[in-house]
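Chains as they are written, first to last, in the working numbering: chain A, 916 to 1241; chain B, 916 to 1241; chain C, 916 to 1241; chain D, 916 to 1241.
Read the hints as simulated data drawn from the structure, not as lab findings.
Only true hints are included.
Identical chains share a label here; the pair holds if one copy fits it or two copies do between them.
Here are the simulated BS3-like pairs of lysine-lysine, each with C-alpha atoms no more than 30 Å apart in a straight line: (1) Lys-1054 to Lys-1196; (2) Lys-1108 to Lys-1003; (3) Lys-1108 to Lys-1028; (4) Lys-1196 to Lys-1108; (5) Lys-1009 to Lys-1099; (6) Lys-1009 to Lys-1028; (7) Lys-1020 to Lys-1003; (8) Lys-1234 to Lys-1099; (9) Lys-1234 to Lys-1196.
4 protein chains.
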Amino acid sequence: MPVPPPLLYPPFNIVRLSHVEYQVTDLANSRSFYVDTLGLQISDETDSVLYLRAMEERGHHCIVLHQANEAKVSVLGFKVFDDSDLDKAERYFKEQGLPVEWIDKPYMGRTLKTRDPDGIPLEFYALMDRLPSLHQQYKLYNGVKPLRIDHANMFSANVDASVSFYNNLGFRTTEYTEDNDTQKVWAAWMHRKGGVHDIAFTNGRGPRLHHTAFWVPTPLNIIDLLDLMSTTGWVDSIERGPGRHGISNAFFLYVLDPDGHRIEIYCSDYQTVDPDHEPIKWDLTDPQRQTLWGAAAPRSWFENGSFFDSAIVEEPVLKAQPIIAP
Amino acid sequence: MPVPPPLLYPPFNIVRLSHVEYQVTDLANSRSFYVDTLGLQISDETDSVLYLRAMEERGHHCIVLHQANEAKVSVLGFKVFDDSDLDKAERYFKEQGLPVEWIDKPYMGRTLKTRDPDGIPLEFYALMDRLPSLHQQYKLYNGVKPLRIDHANMFSANVDASVSFYNNLGFRTTEYTEDNDTQKVWAAWMHRKGGVHDIAFTNGRGPRLHHTAFWVPTPLNIIDLLDLMSTTGWVDSIERGPGRHGISNAFFLYVLDPDGHRIEIYCSDYQTVDPDHEPIKWDLTDPQRQTLWGAAAPRSWFENGSFFDSAIVEEPVLKAQPIIAP
Amino acid sequence: MPVPPPLLYPPFNIVRLSHVEYQVTDLANSRSFYVDTLGLQISDETDSVLYLRAMEERGHHCIVLHQANEAKVSVLGFKVFDDSDLDKAERYFKEQGLPVEWIDKPYMGRTLKTRDPDGIPLEFYALMDRLPSLHQQYKLYNGVKPLRIDHANMFSANVDASVSFYNNLGFRTTEYTEDNDTQKVWAAWMHRKGGVHDIAFTNGRGPRLHHTAFWVPTPLNIIDLLDLMSTTGWVDSIERGPGRHGISNAFFLYVLDPDGHRIEIYCSDYQTVDPDHEPIKWDLTDPQRQTLWGAAAPRSWFENGSFFDSAIVEEPVLKAQPIIAP
Amino acid sequence: MPVPPPLLYPPFNIVRLSHVEYQVTDLANSRSFYVDTLGLQISDETDSVLYLRAMEERGHHCIVLHQANEAKVSVLGFKVFDDSDLDKAERYFKEQGLPVEWIDKPYMGRTLKTRDPDGIPLEFYALMDRLPSLHQQYKLYNGVKPLRIDHANMFSANVDASVSFYNNLGFRTTEYTEDNDTQKVWAAWMHRKGGVHDIAFTNGRGPRLHHTAFWVPTPLNIIDLLDLMSTTGWVDSIERGPGRHGISNAFFLYVLDPDGHRIEIYCSDYQTVDPDHEPIKWDLTDPQRQTLWGAAAPRSWFENGSFFDSAIVEEPVLKAQPIIAP
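If we strip away everything but chain A, and leave its shape as in the complex, we get (with noise of 0.2 Å):
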């Protein structure tokens, strides 16, 4: 059963997946991880919270880390088009029946919260405090040379209903699995700003953050970033990669934050601008759909996620597992 066609005409714009906000509890450490590691640029920084950037953004922040005493993800916050789209998003959710506040947050304009039906916190806003433009500082860049957020992928314990939410919200599918024996979906990828994906779900307990991914410029700084984690005491958090996924064709890395928050570096993927852009379906028995290499994935990469704040975790509707090798 292919995906839903895509909702050419969205009820408001949402431009792209914009920014994380973990809680993490040793504020310290993952400044170590994200800054001097990772290599993304500090935009502000007080003894409990830490606003960082990558290379080429000029929006004030793409991940914000909240010191706290247990490991979540506070919200996935998308940019709108335009202020009057922060209205119709308004409307929309309430017409939902979905939860909405008008929320203050630092260097932002108007924010919209809300949650998904499954309770994955969002917000919504136009306009963030810009900053001078980094791109060209090449002294700056250090770590993996991250250039951009680009996506964040979640576990849904229904992944139909999930990807039936977003598809309503504009996000037009680029590729998924189906499970042959339910004609289900098992995972979609969903995107607004023209790449394969601003977010994702797979099945699995849920909802659950499986990763948030950073754009990089080509394979070498993947490279670079793991001969870096595993000489400077950070082997432990490679987790799965390098590969090449069958599906996004991107060449991937996964490591692990401090508090096990899993962070993709990824490059390579396509333009899929085209309001026609067909979906690639993906067989749930194809190894080569999660790493064309062959090379199999880790059990924890299958298992493990991050825990939205307040979102209640739920079995998931199919039961089949992934193939795990070896």
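Mind docking chains B, C and D on chain A? Use the hints.
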């Protein structure tokens, strides 16, 4: 004087630059250049016409080559979001007093032909035949491994006027060069698809096409092309590069097809989907805007361009010449 | 217990590992692997034998494939500095009680055949037919763009004995792994040509050939090979990698030819020409010696190897197994 | 007229070019160039002298910078195989009527100082202090990530004489350019360590040092250096490149230190350990010998060089100038 603010709600919705059609004087020789050397894939081929696409494109073609007596550019083609956008476009161009015509084009649905105020031939369509994806058929990758058409760059006799016209079509300026003396825009880069540009204009005898550009994965692909061209009889077709543009931050190479049509190979520009993405202003006296690393472009690069079919070329408004070293 | 000090003035002067001859059971299929996939160039070809060289080699061949009923390794070939070294070699091996024989080999001058004390068949020559250079014929570069043969790696039932024998031939140890319990050498890497190794030995049922390695320009060539093999029917022939060895610091990939002969693709080791270049000692319990980035090798990589023609395989002296995760 | 055949059994055994000592007029500024920009590591530092090494070197230094009133080259240093080679060298140079002197150098064992017939100051040693390996301390990699010193290139007033002298020391010619009119050698590249060269000579006012070269892993490191220099105030110190030499096939960049001493960054040459490795002859009229891709070198690159301490510069024997475009 800054470029005009972006028109966020344009009269119709252009998705991206889609294709460029050329007239060439020796199709077999051009085939050797575009197919055997650059590595574009053949979608269709007759004795007199060649349809080509790049590796990640699913639309039928991004380059069309017609055997002709004279080397020219036939048309720039743009994809619009939806069939209704074509009707909106027809109304809009009529209101502007520009010529409109519905034409039949192979492999394309309803197609609207017009010219911009300088006489550049333009065509708009919503639907083009879609072909199976090639991007994971790695055996086919060849030459420079071109992934997709990126942009077309034109000489304009009046860049301010060109920027104004295309701004009113919804193209948003990402970078521009200003002539300090006259406070006029010397050159501008404008996009629809979320990169640095789909189209660009530079002061000069115009309208003429300066180049069409293809996006490739990494600088190493460009080095591979240089090695290949240098040892297969194409060394004199290497015009400029490799280098990094200050403007766009792209790693570039310029090569010339057998008729002198200029092709840019291009990678590593940045994402510009934010509607409040601020344009970067460069000073005409700053040589790093052209080559961040300081090397000069050859005179031919400043002077030569391809003529558009039936467009009358005029002398430029601005007489100051860009700095040409050495 | 460290490896023995290098013998700076050996009995004769070996320049480098030159070639490996294999017996293969389906020459057409092996041709598809070595020529069409890896990108080696054919120097000569008959119905029953294929002579191959890599892109920067001017000697006639580095790999010889013979059609045979059984998959085996026929011989390891070494180039000596001068014709007089062959006579010195003959005397030396006779003194050691090893078999010596002058043989006729196509494309090679005077050739001395012997076996090492474990029965590994070796041949030595000073002159091989030289072919025109190919390294700037970039049109011919294909597959992984192999530049030159780099080394052969063997299982040895007694690594201390192997190291001692080859040390006495002038091979200098660059890195080695020691078994703490027994203070015996578990594995050693030894060179003549000024890189990390021409030959290496690892504890295991031996003598068997673990792999032959080719040197390539950059990690991106290895990624290209992975993409190619994954999409042309060779995905199951990818055994391990890509990764970085702690030992040798090389970026590696291991693939299997149709008979299971293992080939390593390898780049970025370091220069070792200094006669006082100190060997690096690794602890057998350090998993980063095998993969700096921490990922485990599959069991097959530890267990499988190719038999040498007429060499009797014995159980290893050391029983402790290397750490195999996961 | 070909270069002389290699002298396979030279009077003493030189291993490789080891180090170059410079006089610089502003040590702090030179430190900023060599350490902060190129990424060389400091082995020792005083107010008046700086000892540097590259990432994979274990010898104490490959570059020594002395604070001085005048910019000059103090000496080229070579490592010999064994202490006995120093005594053989002393005898040999005495027989040649060249000055010999045993000198004390910090961090070096017995050191023999002499001059070649053109007055180039040379020193030879067998043992230099060895330092712990850095090549897997990836946190320290910086700038262009220089791995090792590769070669020194000199202007010679009589290249035939220079080639003859160094050929008699055992340097083997890998590539050379011949002047068709006079059948004299215009330029020659000569090695001991198994790469394309340790030293090279080009016709010109000499003796002068044209450049010292460092080997880096991939062309992308050179691109990184260009980006870094272009945005940290060093853009005017970029003299030529990036490009590929026809001769040596190396990917190159030439930059100038604050005193105008020229440094080449260099990768991807080839292995030349075979004693019967045939030199490649280039014609002086072939512009691809200098840049395979056809771009011309600037005039400064042909004309400027660093003076050797106390060496008298003479006009070149050959008057024909190399082709300088544009």
